[in-house]
Amino acid sequence: MSAQKRRTFKIEAFKHRVEIDPKYAERTWKVLEHAIHEIYNHNASGLSFEELYRNAYNMVLHKYGEKLYSGLVTTMTGHLKEIAKSIEDAQGSLFLEELDRKWGEHNKALQMIRDIMMYMDRTFVPSSGRTPVHDLGLNLWRDNIIHSSKIQSRLLDTLLDLIHRERKGEVINRGLMRNITKMLMDLGPVYQEDFEKPFLEVSASFYSGESQQLIECCDCGEYLRKAEKRLSEETERVSHYLDSASEVKITSVVEGEMIANHMQRLVHMENSGLVNMLVDDKYEDLARMYSLFRRVTDGLSTIRDVMTAHLRETGRQLVSDPEKLKDPVDFVQHLLDEKDKYDMIISKSFNNDKTFQNALNSSFEYFINLNNRSPEFISLYVDDKLRKGLKGVTEEDVEVVLDKVMMLFRYLQEKDVFEKYYKQHLAKRLLSGKTVSDDVERSMIVKLKTECGYQFTSKLEGMFTDMKTSVDTLQGFYASQHAEIGDGPTLAVQVLTTGSWPTQPSPPCNLPPEIIGICEKFRTYYLGTHTGRRLTWQTNMGTADIKATFGKGQKHELNVSTYQMCILMLFNSAERLSYKEIEQATEIPASDLKRCLQSLACVKGKNVLRKEPMSKDIAEDDAFYFNDKFTSKFIKVKIGTVAAQKESEPEKQETRQRVEEDRKPQIEAAIVRIMKSRRVLDHNTIVTEVTSQLQSRFLPNPVVIKKRIESLIEREFLERDKADRKLYRYLA
Amino acid sequence: MASVPSEKFREIYNFAFVWAKEKGQKSLALETAIGMWQLLFAEWHWSLVDHWCQFLQLKHNKAISRDTWSQLLEFAKTIDLQLSNYDEEGAWPYLIDEFVEYLTENGIVQRPRN
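Taken in sequence, the protein lines are chains A and B.
Position 501 of the first sequence, counting from 1, maps to 501 under the numbering used here, and the rest follow consecutively.
One gets the numbering used here by counting positions in the second sequence from 1 and adding 732 to each.
To be clear, the hints were calculated from the coordinates, so they are not data collected in a lab.
Be aware that one or more of the hints could be misleading.
To be verified - Computed beta-carbon distance windows for the label pairs:
#1 A:R679 / B:H777: 33 to 43 Å
#2 B:F741 / A:R534: 55 to 65 Å
#3 A:S362 / B:D819: 26 to 36 Å
#4 B:E754 / A:T469: 43 to 53 Å
Unchecked claim - Rough simulated footprint, nothing fancy, chain B against chain A, three-plus residues with beta-carbon under 8 Å:
#5 680 to 687
#6 701 to 710
By construction, the Cβ of each residue, glycine as well, lies at the ideal position given by its N, Cα and C atoms.
So here's chain A without its partners, still in its complex pose (with noise of 0.2 Å):
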């Protein structure tokens, strides 16, 4: 090598051709030629692989690959011709046999041969664009083999026809079906064109057949059981011998033929369809029904909405069936049972799923306020578990019922109204001592303040500051007092203040002379140290303990209510007394008197006076004496009625008018603040805002809101807008 220039090393060819002799090349193809013949017949252990692949590099090298190739495809073809007889020679069973022999002994001779052609399928196939040895072996064994009219029709039947033995209950061969259909994976889309196609074909004609049978025979749940069966029997098939690409398409047929197209009939079936399961609480079937339907389309909103119908269409009846109103503790019973019941079924059977529950409380929104009493019933129910006397139930017990009041609250419209009541009812509990504990009651005011907010409890709160103030100040009364009371009645005085309490406040009626004294005692005692104040005894609302004691010497201690005490020391000085002279010496009001004669004269085992004549109304002209010979087996009789009651039908209206002339002011304030806020504002608009502010408390009527829009109008507190009528606009 010179040292001046650096040149590459080169290697130059031969100068001359070198030719190979064609009949080299045919005399090189006929010994592969003959090897391929012996590895289809099974004689492969004899030849040299060696010897081969040389064979088949020469060829290629030379130039001979395309009559390589071309030799090979005829070659193999011709044995899979052969191949394709044997198999279509096969009876029955053995057919599926012979087609999977076939396919195994055919994948080994094709990796035989393609190891032999391995040198032609790395250079003269990719520069020629020819299949590889591997996919040319497939594509030849499709076209002659499961192509082959013979065999492609009897194929698919076969492998249908087992399926479909199988899904009658038969056992069939798992592991030679895999084998089939992994073939025709290997295929390429041979597998979804051939089979799965026309399989989901046939399978959704025989669930179409099998659904029609069984919604014929069956009920409801026993259907959903063998839907349920079949989609895991499908799904078991395709992870044992299918692509599992197929099991979604499968499941999807399953669920269109036995579910999607009967959900109607299934829902709606008498006397099993859903309606039957919520009511006879059939939690499996009902979380089967849940897990089948949340398959298909519309399937939960399906259940979801006759679900809400039954329950409004219960609820409607419940509320307005006048049986189940006669016991309101009974009425707001039965509509915790009923939450309960349907909280239980989301949760066991519907998968505490929140759609379900919203239309759970959509629903009893919906009923409880169909009836404008339910906020006066559901304080009643409260008013009976807060009261002592309640036996065997523990402080704990009570306080899970009373979230469960808090529920069927929050569903109200009317929370104002409910309120009303419930300081009527806490008033009557407080003043005659019959609250099961301070504590109790303490908590489910806070619970309402949680919900309602201060305004709404701030009140309630001062009726307990009374309560408690009222138990210093009878403290300070019976010390400064000393022996001076000695024999004397003994009195206990609560101090409302007038405002925090519910009741009107009426004229006290004239109080017999061995009261009087110590009433006026407490008076002095009181405006003594509170200057300024006034004190009005509200005979309406107080108790009295009264021992009297009968014609044969027996002794009771009556527990009555302040008007009859003052009835029944009448009867101290007098036998006989007409309902008019009760009247005039006692000035207690007409309505509350009757009423007061009657539980005293008028109630088996209760009878301390007795009335001529013995009717049950109390007449203006009756006459009524002292009961020498009242019996009881209790020494303790109770006749006062102070505990809270159902209101009568005009009390009821009357409590209702003064809610609506409480909400007025409510509503004119929503109005300045929205106004004053927005200055110019379109009618509808207020009502919206108005509506959106208050509902919290209770829905405002429309008209009202424009009744109290008017108004504000004449107050000049707003005015139309000039130029558009339908404007208001805020006078600063």
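Fit chain B to the supplied structure of chain A, relying on the hints for placement.
Same frame as chain A, but now just chain B:
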């Protein structure tokens, strides 16, 4: 044939309210209001005026607010005698809403159903 009342008429109409009511009162006594309406609507004819007065005597029997007074003219001006263009959401005073109800319930006007 309904003609539109002039601007002058409107001024007179609205002034009439202020003039006819008692000093210190916010509203106009019903008797007086009815008398004024008879007078005014003789000048510019509104065929429903008699029904309006009857309705008030039957159902309302209280004094008339200023807003109701002035809005009545708007009503008479714009709403046709079949009440076909009366809109419940039209922010009319409630008395006028009740008057429309009264007219339809008693068959005095047949509202076209749409």
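Do the hints match the structure? See the list:
{"no.": "1", "hint": "A:R679 / B:H777: 33 to 43 Å", "in the structure": "39 Å, holds"}
{"no.": "2", "hint": "B:F741 / A:R534: 55 to 65 Å", "in the structure": "59 Å, holds"}
{"no.": "3", "hint": "A:S362 / B:D819: 26 to 36 Å", "in the structure": "31 Å, holds"}
{"no.": "4", "hint": "B:E754 / A:T469: 43 to 53 Å", "in the structure": "50 Å, holds"}
{"no.": "5", "hint": "680 to 687", "in the structure": "holds (count 3)"}
{"no.": "6", "hint": "701 to 710", "in the structure": "holds (count 4)"}
Hint compliance for this structure: no hint is broken.
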